[in-house]
Structures are given as C-alpha cells and as structure tokens.
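Protein chains in written order, with our numbering: chain A, 25 to 249; chain B, -18 to 318.
Honestly, the hints are just simulated from the structure, not real lab data.
Check the hints yourself; a few may be wrong.
Only part of the chain B face toward chain A is listed, based on derived beta-carbon distances under 7 Å [stated by the list, open to error]:
id: 1; residue: Glu23
id: 2; residue: Tyr33
id: 3; residue: Arg108
All residues carry an ideal CB built from backbone N, CA and C; glycine is no exception.
One letter stands for each residue in the lines below.
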Amino acid sequence: MIELSGIRKAFNQGRHNEYWALDGIDLSIEANKVTALRGPSGSGKTTLLTIVGCLARPTEGRVRLEGEDISGLPERFLTEIRRKRFGFIFQQFNLIKGLSALDNIILPAYPTGRPRRELLDRAEELLAGLKLGHRRNAKVEWLSGGEQQRVAICRALINDPELVIADEPTANLDTHLAGEFMGILESLAGQGRTILLTSHDPLVVESDVVQRVIDMRDGKLICHE
Amino acid sequence: MLFQPAIIALLLASALCVLALSASAPFALDVIRRWDIRSGSERQLQLERRTYLFSTLLTFVLALQLAAVLLFVFNAEKMSGMFVGAMCAVGTLNVNSFGFPALNAKIAVFFLAAMWLAINHVDSRARDYPLVRIKYALLLLLTPLLLASAWTELQYFLGLKTDVITSCCGSLFSEGRPTLAAEASSLPPLPAMWLFYGSLGAAIALAAVHGYGGGKQRWAAYGLAGASAAAFAATIAGILSFVSLYVYEHPNHHCPFCILKPEYGYQGYWLYVPLFGATAAGLAVGAIQPFARIAGLRDIVPGFSRRLAAIAANGFALTAAIATAMIWQSRLILLEH
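Make the full structure from the sequences, and use the hints.
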C-alpha cells in the first residue's frame, strides 16, 4: 500500500546543528495490517510517521501510496489525501479545548462539505462503538485521559480513512486503558483498515494485534520481522 | 514629479516585478536544466518545494502588472492638469518620447502575463507538474519584455517635466495625420460599426461554441484566441472612429482617452475594463490549448478553458452593450437614415 524508497530527512539542514532524523529508509507497508515502528527516543519513528502521513516532506526519497508518488505533490493535494485517506491519533491527542467531544470529532469533516446531520450521526455511531455516547456533549477538558483518547480515535475515523496513523498511542495511558486501546485497535484492524503506529510500549508491540514490528535506531531500520 | 502616490505605486509594482524576476530567473534555469520528476534526489525535492513558492510569487507580481495598466492610464489622465497643452492622458503621455511606448509595453505585458498566468494555473492544478519546464521557459522569454516595460516606465516618469509644452489629443487623433491612430480615427463610421459589432459577435460566437462544447473543441479555442485579438483591435478602432464621437457628441473628437475623464462620467473604464478582461481571457484560452492532450491535464484544461471562454463571451457582450448604450443615449446624429 505504501512504499518508501531512499527516505532521508534532515532538520536544520546547512546549519551548525544539522540533524539527520532519517537516513535511507526503504520500506513497504502492507494494506490491511497493523504495523508498529519500535525504537528508542530519537530513533526517527515519529519523523517517519509524519512523512508517511504527509505531515512532513522528506529531504530525499519518495513515498508512494498505491503506486502514486505523494511526496512531491503540491500542498493542496496533500491536504486532500490527509483528509480522506489518513486518520491521525496523536500522542497528546490534540483535542480542541472548549469544544464538546462531538464538535471535536466532526471538525475534520467540515471541509468535506458533508451535511452536519450526517456528520453528527456518524460521530454518535463512533462514540457509541467506543462506549462513550454518554459523554458526547462534555467539553474535552472535562474528560479523563482514556476518554480523551477515545474521542481522538473517533475524530481519526470520522472521514472513514483507509489508513490510521497513531503516534505513541498508549504513552499517556495506564495499563488498563492501554489494554482497552489494544481492543479498539483490534476492532479497527478487523474492519480492514491499515494501521501504522509507533510505540516502545511492550504491551503494544508484543500484542497479537500487531502483525509486524519494524525496529529503528538512529534513523535507520534495524530489521524486519 | 516622482513623488505622486500613483507613480510611487507603479514604480514599486515594477520594482517588485523586476526583483521577483531576478530572483526567479536562476531558479527557472535550474528547473529547465535539472527537473526530473522520476528522481527522489535532494535537488529534485528542493525544486519541487521551491516551484510552489516561485509560482505563488510570480502569480502575485504578474497579477499586480495586470492592475498596473489601469493605474497607469488613470494616473496619466489625472496628471493632465499639470502640463501645459495637455487636456487628457494623451497630453501627459506626450510629455516625453517614453509615454506611449511605456503604455504599449504595459498593454503587451498585460496580455502576455494573463496567458502565462493561465498556463501556470492549469499546471498548478495537475498532480505531476506537467508544464513546469515550459512555463519557466516562457517566463524567461517574458522577462526581457517585463524588464523593458519597467525601464521604459521609469524613463517616462523621470522625464516628466512640467515646463514642457505638450500636445493634446486633437493633434494625435486628427484625421489625415500619418499615424495608425489617425487612420483608425478616419475610418468611416458605418464600416467601423460593422467591424466593431462583427468582430465582437464572432468572438462571442466562438466563445459560446467552445463553452457549450465543454471546452473541448480546440479549433474553436484557437479561433477564439484569434477572434479576441481581432475584436480588441476592432473595438479600439471603433472607439476611435465612432464610439468616442457619440460620447463627446462632437463629429471630430476621436480621442479614446477623454472618455476616461470625470467630465464624461469615467465612461471609458466601463468600456475598457470588460474589453481588456475579455481579450485576456480569450487569448488565455488559446494559450492553454497546446497542452490539452497531456495526460495530467486532460481533465483540467477543458474545464478551465470553458470558464475563460465564458469570461470572454460576457466581457465582449458587455463591451458591445455599453458601447450601444453610449450611442443610444447620445444626441449626435452621425448616420443619416
């Protein structure tokens, strides 16, 4: 589904503090599978995730989504791809304070022009699926960490993406909530979605839900399992 | 004389254009020589990122040049009170030998910039930069004209001396003078009217054919581009020959600039703005047609071409309607029944 060839990414290029976060990544991510990127802090997991998710551009190399080169696309096309094909779950959730859970969930769907009623129905459906329907109108700052994460998952799914990207999804959760998250992940995988996540949490990378673990260190892949 | 708000604005616009072109020219050369969409090299990715930046910058400065024509003419008209012998923009433009060349260069830049912007627009709608080399090569061809236009304009403004006694429009547009303008002015009203309405009608008809055909008939597109250029020339000739006479209600006053004066209710702008817009749109339709069969543009060019054709048709129709309204309201009897 996604092919990366010769990906390199530099920060502060040409300056005294130039840093190569990724250094020659060749990787193929298969469709309908759960793939985890594992590695210590600074290994380049999140940078790779942002490049796959079109949130950042590589300094060198190409990213192909179903054969189409997406790393060179102008920004307007990337926005469309991000909106329609990817769902993002961030480590800090990045929910908008002051807005209710429902409003946070439907926000990424506003630019698609779908009717508000349809969006609300879909958001209710997603919340009910994650057993959070009773908190639909609560402001997100009133929610617990686990609830916030479930809202973030609903938001990632509002545009029905094929590929869900999650950056350290269990980093802010206790063992119980992390276990719940893995259950949600399993159900998403069961729906036929491709899932790519980063983690160094053994609960995640050693779970049966994760079908492939890719180890990284110093911006390079170590081995493929 | 340079410290007039409009002159400062025009010189700033030209300076911005020259600066942007100077910055873009090395990049354009780099794109022409090194662009390779199949490569994932650092250089190629840099070119891809920068083309977006340069394209936006050039769109801005060239769009500024489109607006500058209007300001240039408005300023020439506004300053006519400062020069002895000047009654309208013609007098201001005649203060030195750079006035009319500067205006002509600005008009040429207007149409060429509009065509480049159309090509840039379709290229930026495609996912794989199909025209990137062509548009930067065209930009390099356009650069000398833009530089010449900026230089001529600067010379013109630097040479504006209030102690010069200039000549008014009466001498330039008098019948019998050995100039193109005078020849157009001496064109008899009836054939000029046939030419005026005929060429505008032909351009509108071709735009309609092209538009209703979904923007796909290439013969109509090229026809529209040619008809737009012809309609522009015929309309200017028509304004010189008879429209101006009806506006001034005077059988011998052919000036195409006095109609821009407040005394005539700025009527000229109502004629010229749709005429220039429609001509630019019509020419742009022709400019993008050679690329209609490129794989990445097959779905983009017809839609955009259709919208441009609609602008051209509406602009020419508006020009004809406004000219007709001017004639209708006039008390001058130019043609005997």
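Hints versus structure:
The beta carbon of Glu23/B comes within 4 Å of a beta carbon in chain A, closer than 7 Å, and the hint placing it at the interface holds. Taking 7 Å as the C-beta cut-off, the interface hint given for Tyr33/B holds, the closest approach to chain A being about 6 Å. Hint status for Arg108/B relative to chain A: holds, with the closest Cβ pair at about 6 Å, below 7 Å.
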